[in-house]
Amino acid sequence: MTPGEMLIGGIGLLVAAAALFWPDRGLLARIRAAKLRTDQVRVEDALKHLYDQESKGLTCTLDSIARELGFPSKDDTSLVARLETIGLLTRQGNVFRLTPEGRSYALRIIRVHRLWERYLADETTVSESDWHIEAEKQEHLITAEEAAALDRRLGHPAYDPHGDPIPSDSGELPEVAWKTLTSLKEGEAAGIVHIEDEPPAHYAQLVAQGFYPGLQVRMIEQTSERITVEANGNEIALAPVLAANLSVVPLPAGEQKAGSFRTLASLRPGERGVVSGISPACRGLQRRRLMDLGVVPGGVIESEMNSVTGDPVAYSIRGATIALRRQQAEMVFIEEIEGRE
Amino acid sequence: MAYPEQCEICPVNRGSKLVKLGETSDSTDYVIALAGNPNVGKSTVFNNLTGLRQHTGNWPGKTVTRAEGAFSYDGSNYKVVDLPGTYSLMSTSTDEEVARDFILFGRPDVAVVVMDATRLERNLNLVLQVLEITDKAVVCVNLVDEAERKGITIDDRSLARELGVPVVLTAARIGRGIPELLRSIRDVATGALVCKPRRGWTEDKKVKSALDELVALIGPEYPGLPNVRWVALRLLEGDQRIIDAIRSGELKSLALRGEHGEEVISRGKE
Amino acid sequence: MSQNVQAKAESIITRARGLRWQVGEAFHDRAIEALYEEATHIAGRSVTISGERPRFNFDRTLDRLLTSRWTGFPIMVLLLAAVFWITIELANIPSKMIAGLLLDTVHPALKEFGTWIQMPSWLSGLLFDGMYLAAAWVISVMLPPMAIFFPMFTLLEDFGYLPRVAFNLDFLFRKAGAHGKQALTMVMGYGCNAAGVVAARIIDSPRERLIAIITNNFSICNGRWPTQILIATIFIGALAPPQLAGVVSALAVVSVVLIGVFFMFMVSWGLSRTVLRGEGSTFSLELPPYRPPRILQTLYTSVIDRTLIVLWRAVVWAVPAGALIWLVSNIHIGGRSIAEIVVGGLDPVGMLIGLNGVILLAYIIAIPANEIVIPTVLMLTVLVAKMTGVGGGSGVMFELDSAEATASVLQAGGWTVLTGVNLMLFSLLHNPCSTTIYTIYKETGSAKWTTVATLLPVVLGLVVCFLVAQVWRMVG
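Chains as they are written, first to last, in the working numbering: chain A, 1 to 341; chain B, 1 to 270; chain C, 1 to 476.
Check the hints yourself; a few may be wrong.
In silico EDC-like cross-links for lysine to aspartate or glutamate, where the CA-CA straight-line distance does not exceed 16 Å [claimed, not checked]:
#1 C/Lys8 x B/Glu221
#2 B/Lys205 x C/Asp29
#3 A/Lys48 x A/Glu198
#4 A/Lys137 x A/Glu44
Derived from the structure by calculation, the hints contain no laboratory data. All values derive from a computational prediction rather than experimental measurement.
Next comes chain A alone, as it looks inside the complex (with noise of 0.2 Å):
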């Protein structure tokens, strides 16, 4: 070996030697790095899954701790010996319970994870079936500082795109009464407050079926096979598992919405409707644009012109003609429809 050769590979190796022991930087810190995390990540969905149990007063053990984190419970054992230790959970027997520090961490994680929803709801176009699947990653991964700045920047949102409340900084969570859809006898209307977005196979039948928070149901017959509402004037037969999952208000008798529920985009040229309501899968940006052109309930609008290849229609609303996208106007509903007078 020539001088010049010892030397490259002298460089080559401490080049090699630094990016796999570099501390914060290197191979193996990142691997220590990545084991912390997946231990966080544990330790952060056990508090969850506790919380959510409680919160609907049900009781956690070993069994379902296991099942909803997906391993073996022998490592849940020490994952749950080291949640005892550090103080977040009691034990009395097989029944585990979450101390009040244990609780206003696992409200801290559901409140990053509300909270990222709804900037993917409001501020993004992703996709809905990824807002959860998102959120969970991200909920490990931002800081406090980083939620207080989401939530700033979001304007404090009061409720998630689900219709779940998001926690206050300071851990707190109003109750809510709610019943699940089942609950409801035939007949009865209720507005729809939250769609449980797990399991997510179910999230998106649900809302591949229509159902979306704020949206009005009447019952028409419940039997053990399946459950049939009335909404939007369609009829919907869901499966009595699924119905378990949509939480309901019911309405008092005055406040039920009734009549035509055609959109905008059905408006031929020339004919006029009053704007009974906007979807409220028109969210964020999109929703507050509308709203400002004076898409608002009760505003009249005309379709006044299509463009060269029909889309989009230029409206009449409120003494300005304003053009929108189809997939705008199929959002905005709207009755008494009359032709151009």
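We have chain A already, so just place chains B and C on it with the hints.
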């Protein structure tokens, strides 16, 4: 004031006592905020008052930056701040924040809201929001010439009665109504005319009780605040700017100024 | 502030937070609803509308005509074509006059003045051949078309026609994840990319506005039109029989424009689905009533607001570029000028992508203004090939009176048809000029998006030129 003597001579300005000062003036007696929806001829009104030439395109959202100008009328110097054109002051776009912040925290002596006479209903949205924030406002219904061509007549007296502030009909493109606008601005600025703006539209029960509760909390704490109900409403909306203003005491100083209104009016004269 | 007051403030904020859960989500909507209700009520009492509405019908009839299936597009194409045609036809005259004055009269006079006051020749070269000439070139190429194009565009805008164009073309842009108003910023870009970037302000949705800004460079600006026309005439028109040469070279330029449109749509589509996927997006397009434009005011404001500001920025950037061009051609290291050394170094890379070292160097030092690319290319070609009798000496940019003379210089510099084709492509697909880069930074306030907007087209250009060169060499 550097050149009123010369301008006084020309017949156009002698009658109206208006001296356009362009971009700068030495001292300012009163600050005027110019608000309005996009594309209502706000820039034309601005140019008409100050003699500046801001571009006025037939495009919503043309004026992006905040422009300032000045004029002198009836012996006092006025600074005009042209705010970005916005549809409302409620949502959270930067433009709306700039406009809202100036009307609230900038404490202009008069907020002039420019409206499009052909779309009065749409424009009233912003007017009502401005009136929620400030007592001292003048409504300028612009483009009346265009409205007349379309067969639209605006009853300015009825509108003034409904809104509780002076209403002036103008066609700024041809200079119509500008003298009346100036007179109203002066009257409101000097306090010769005290506005009683329309406030408090209907709220449903749940919101009303929440608002009442907040008003009862805020009112005694900030006497002299002209818009307690609006502040309460913004708090319910989770408006960060207002939360910050409460925390930092900025709102307190606004309230204190409101209590000693006279001092506020005479500021800038020294 | 006293402790007590602070505590009181906090208690108000906390209580408000609690009440927000109680009033629920729909509260904001209801507040706006109530506001509009109030507005309707007040308007109903103060506004009377008489039955006759003559102007209204005029607007409606015009709208029918401009947005109908059969007449909408033909009218649009005719109007825009007319704007371009008038610009090109009218701009030629003042362009020649200004060039005659600034380049052929003032420049020699300045040089004489330099000799008269016994200025050292390097200083007179740097000041007059470098800095002055670059600035003069930019003014004579840029000012006349902009001073004609922008007022006409502004007149259409003030009249209210442009929103209708956006309305008609939105379907294309929607598919690419962009906003119909991007059609207008694009057309504006054919005048000047910096002005096009500023015009993107009319797009009020964050994602679509960024897309419009980043893709504006795919509209060839007026600094690039002359390059396209000249090279198309020399290399592509010459391939056709003489009587068809004009048509063929015009078609070549139109093809480059269409390739630009194609890339604009593809890049918009790609951006909206990748890096900009999460950005907020919304659509609204107000179609204002038609208003008679005020011609004089429009002339004034569009010349002041758009033309002169953009021109000033371009001149400010062109002056140091001119100095740099003069310096690299006149500073010698080991008997060769820096320009020759760099061109020699860049040549292999240039050849690989079907261009040459001269073109690459010209694009590097002419970043400030596309207008001076061709003069710089000619000067460098003469310099490197050590031709005599052409041009004004090393570091002095020049242009030749006829396309034939230019062709002979370029061919002597080793140019082929491939070089010509790739130069046209590279002129379309390269980084924006420094004025535009600066404007993008000012408008987005983001170094990240400025970098993307700068590097994306140049990388595309290198890739496209490389592929064309490989295919060309395989086939030919």
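- Task: List, from low to high, the hint numbers that the structure doesn't satisfy.
- Result: Checked against the structure, no hint fails, so every one of them is satisfied.
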